[in-house]
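On the provided structure of chain W, position chain R as indicated by the hints.
Number of protein chains: 2
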Amino acid sequence: MGVVENKQVIFRDYIETIPKETDMVLKVSQIEIETEIEIEIEIERSGQILLRNLYLSCDPYMRGRMRNFHASYVPPFVPGQPLKGYGVSQVVNSDSPDFKPGDYVTGITGWEQYSLVRPTQQHLRKILPDDDIPLSFHLGLLGMPGFTAYAGFFEVCTPKKGEYVFVSAASGAVGQLVGQLAKLHGCYVVGSAGTTQKVDLLKNKLGFDEAFNYKDEPNLDATLKRYFPQGIDIYFDNVGGDMLDAALGNMRVFGRIAACGMVSLHSLSDPQKLHNLYNLIPKRIKIQGFLQSDYLESFPRFLEHVTSYYRQGKIVYIEDMNEGLESAPSALVGLFSGKNVGKQVIRVAHQ
Amino acid sequence: MGVVENKQVIFRDYIETIPKETDMVLKVSQIEIETEIEIEIEIERSGQILLRNLYLSCDPYMRGRMRNFHASYVPPFVPGQPLKGYGVSQVVNSDSPDFKPGDYVTGITGWEQYSLVRPTQQHLRKILPDDDIPLSFHLGLLGMPGFTAYAGFFEVCTPKKGEYVFVSAASGAVGQLVGQLAKLHGCYVVGSAGTTQKVDLLKNKLGFDEAFNYKDEPNLDATLKRYFPQGIDIYFDNVGGDMLDAALGNMRVFGRIAACGMVSLHSLSDPQKLHNLYNLIPKRIKIQGFLQSDYLESFPRFLEHVTSYYRQGKIVYIEDMNEGLESAPSALVGLFSGKNVGKQVIRVAHQ
Chain W
1 MGVVENKQVI FRDYIETIPK ETDMVLKVSQ IEIETEIEIE IEIERSGQIL LRNLYLSCDP
61 YMRGRMRNFH ASYVPPFVPG QPLKGYGVSQ VVNSDSPDFK PGDYVTGITG WEQYSLVRPT
121 QQHLRKILPD DDIPLSFHLG LLGMPGFTAY AGFFEVCTPK KGEYVFVSAA SGAVGQLVGQ
181 LAKLHGCYVV GSAGTTQKVD LLKNKLGFDE AFNYKDEPNL DATLKRYFPQ GIDIYFDNVG
241 GDMLDAALGN MRVFGRIAAC GMVSLHSLSD PQKLHNLYNL IPKRIKIQGF LQSDYLESFP
301 RFLEHVTSYY RQGKIVYIED MNEGLESAPS ALVGLFSGKN VGKQVIRVAH Q
Chain R
1 MGVVENKQVI FRDYIETIPK ETDMVLKVSQ IEIETEIEIE IEIERSGQIL LRNLYLSCDP
61 YMRGRMRNFH ASYVPPFVPG QPLKGYGVSQ VVNSDSPDFK PGDYVTGITG WEQYSLVRPT
121 QQHLRKILPD DDIPLSFHLG LLGMPGFTAY AGFFEVCTPK KGEYVFVSAA SGAVGQLVGQ
181 LAKLHGCYVV GSAGTTQKVD LLKNKLGFDE AFNYKDEPNL DATLKRYFPQ GIDIYFDNVG
241 GDMLDAALGN MRVFGRIAAC GMVSLHSLSD PQKLHNLYNL IPKRIKIQGF LQSDYLESFP
301 RFLEHVTSYY RQGKIVYIED MNEGLESAPS ALVGLFSGKN VGKQVIRVAH Q
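Line by line, the protein sequences give chains W and R.
The UniProt record's numbering puts the last residue of the first sequence at 351; the count rises by one with no breaks.
The UniProt record's numbering puts the last residue of the second sequence at 351; the count rises by one with no breaks.
A portion of the hints provided could be inaccurate.
Same chains, same names: a pair is fine if it fits in one copy or spans any two.
As the list claims (entries may be wrong) - In silico BS3-like links for lysine-lysine, alpha-carbon gap of 27 Å or less:
#  : residue 1 : residue 2
1  : 225       : 273
2  : 160       : 314
3  : 126       : 100
4  : 314       : 205
5  : 314       : 7
6  : 225       : 183
7  : 273       : 215
8  : 314       : 100
9  : 27        : 161
10 : 100       : 20
11 : 273       : 27
12 : 161       : 339
13 : 161       : 203
14 : 100       : 183
15 : 273       : 183
16 : 161       : 205
Bear in mind the hints are in silico, worked out from the structure with no lab data behind them.
Every value quoted in this text rests on a predicted model; they were computed, and no experiment measured them.
Next up, chain W with everything else stripped away, as it sits in the complex:
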């Protein structure tokens, strides 16, 4: 095949606030798609495999990798190198007995058309194409965001049937599944989102009992009192800030708050002014920060349960699919203003 063009989205330099499109640069480099014999030698030396990327995932956690902060659970991106994130790819060439050309895989890949990766370092996992389930769902419903919803709701929130559940950023990649799992578990579920269209999806497609547009609500405390006159047992928090404060003031005794994300923050060290934090004590509230990666032993069970629910039509999943790697920077940036409707994915190439 020889040498082909490899479009890449390059991370320019460290930032502290939410990303702008100009923090990323589109670059065209070249990559050698060697002949089989050549690659064999190369692979023996390198242990790498060559991927053709099909779908890339835009996730809010990625802003954390854009900071010059090396003590986190995940290292920062390297300035001048392509961004990295979850992707679905097809193997072009491989020396590994676990992956052969043509295989579909998911794991961490580069924001580029072709990536040369080491399977173990990238947590690469083979996926079997399935007519009923789009490949891109392995970045959302059946991937990290879906598992975040599953682990966060069942392991962190310890829900009981009949409990009152509130989900913020409820139509997002994680929130939409949290709400549906909560309904299947017999809970009462209200979601918040930032547009009328999303509120409509929550109520009419995703099966939430109620939903509201937080931008239309001048007083979030009063809003939550209206939707939860009896109080909230579980708050699945994707946004932090004012919504977290309002929720704290409306929790029931022994309430649980899963701190999953704080997408409302402009900078991750933005001061958050909480008026209702004292409620923690008389109401014995638990706030638990969590990462899905601590619960990976439950991943196979999650995959089985959620796949089965999806096949039975008990769960739906909304994707926001952008076409072309060129659209990746604006898609990532859009997460932080709520531009995406559902899980944000970028299609880099057609299967």
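Positioned in the frame of chain W, the structure of chain R alone reads:
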């Protein structure tokens, strides 16, 4: 005995901020200390017993009962009536088979010299005088504050040997026992307090590894980094506010914060500006509000353990004893400026 004077500390009216002395009024009323026959008739009708109060406890939670807020775990005080709180008393007269004149009891009593109470409503419990253990310790080391330390440390913080523990308001009624239990458990313990005298007590009498005066520290984040270069596993929070924020920024992965009190707040709805709340997520921190009353099944074990430690000289306990009911308002108010050194008790009468 007939009619005797009964000095009382009357709760004037609801407040929102920390109490002032003028929120309480000293009043002298009269109470009939009936003859035995008279009281027998009275008791049959009323089911009450008459207590002569010996010691009264000043506890920060009492401010919560001074608010016009009826949805809490404990109802507000009644304006015009005496304050109520934990006390140690002697039974003067009783119709109950469980309590007889001369018995020492602890439970909820009025801020007055004599109280007519219903034993079950006041959670009254008989205590046996013990030459080794002052009666007043049933308001501190062996009472609600001690049990708060015990339940909060063992049940909420789930400590492991060798962990790094930080305690705020560390020489107070609760903090001083948390620190000593943590040391006995094999942890490294640092405490904060608000005077040089208290810091000295923490280091030289209470066995903390280190202690500091937070009023001398211009940058609490830097202070905690100095005392915990490796980070904090457990923060037992009695103060909230800036110290909680600084601790959040210095927690280790899987750290636990027990939210026990927020004595730094001028008003319980004071906004708290947290810069480090986002740390919850990447560090998987748990913040758990708690009340000792949820763990009462462990109370007998607590009493046995802590009494035994005390007898063996493995635990000490510092009391701040005020003399006379007249000193009660200023003693209560003093809690919120840290005037007390150790557990604040008021001696109403000598045994």
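For each hint, the structure was consulted:
In this homomeric assembly, residue 225 and residue 273 come within 27 Å of each other (Cα to Cα) both inside a single copy, at 20 Å, and across copies, at 24 Å. For a Cα distance limit of 27 Å, the shortest separation of residue 160 from residue 314 inside one copy, 19 Å, qualifies, whereas the shortest one across copies, 43 Å, does not. Taking the shortest alpha-carbon separations for residue 126 and residue 100, only the intra-copy value of 10 Å comes in at or below 27 Å, while the best inter-copy value is 77 Å. For a Cα distance limit of 27 Å, the shortest separation of residue 314 from residue 205 inside one copy, 11 Å, qualifies, whereas the shortest one across copies, 63 Å, does not.
Proximity of residue 314 and residue 7 under a CA criterion of 27 Å is satisfied in neither setting, with 39 Å inside one chain copy and 69 Å between copies. In this homomeric assembly, residue 225 and residue 183 come within 27 Å of each other (Cα to Cα) only inside a single copy, at 21 Å, whereas the closest approach across copies is 44 Å. For a Cα distance limit of 27 Å, the shortest separation of residue 273 from residue 215 qualifies both inside one copy, at 19 Å, and across copies, at 23 Å. In this homomeric assembly, residue 314 and residue 100 never come within 27 Å of each other (Cα to Cα): the closest approach is 34 Å inside a single copy and 66 Å across copies.
For the homomeric pair residue 27 and residue 161, neither the shortest alpha-carbon distance inside one copy (52 Å) nor that between copies (53 Å) is at most 27 Å. Taking identical chains as interchangeable, the C-alpha atoms of residue 100 and residue 20 are never at most 27 Å apart, the minima being 38 Å within one chain and 77 Å between chains. Neither within a single protomer nor between protomers do residue 273 and residue 27 lie at most 27 Å apart by alpha-carbon distance, with minima of 41 Å and 42 Å respectively. Taking the shortest Cα distances, residue 161 and residue 339 never come within 27 Å of each other, neither inside one copy (33 Å) nor across copies (48 Å).
Taking CA atoms no more than 27 Å apart as the test, residue 161 paired with residue 203 passes inside one copy only; the shortest distance there is 20 Å, against 50 Å between copies. Taking CA atoms no more than 27 Å apart as the test, residue 100 paired with residue 183 passes in neither setting, with 41 Å inside one copy and 57 Å between copies. Taking CA atoms no more than 27 Å apart as the test, residue 273 paired with residue 183 passes in neither setting, with 32 Å inside one copy and 35 Å between copies. Only within a single protomer do residue 161 and residue 205 lie at most 27 Å apart by alpha-carbon distance; the minimum there is 22 Å, versus 51 Å between protomers.
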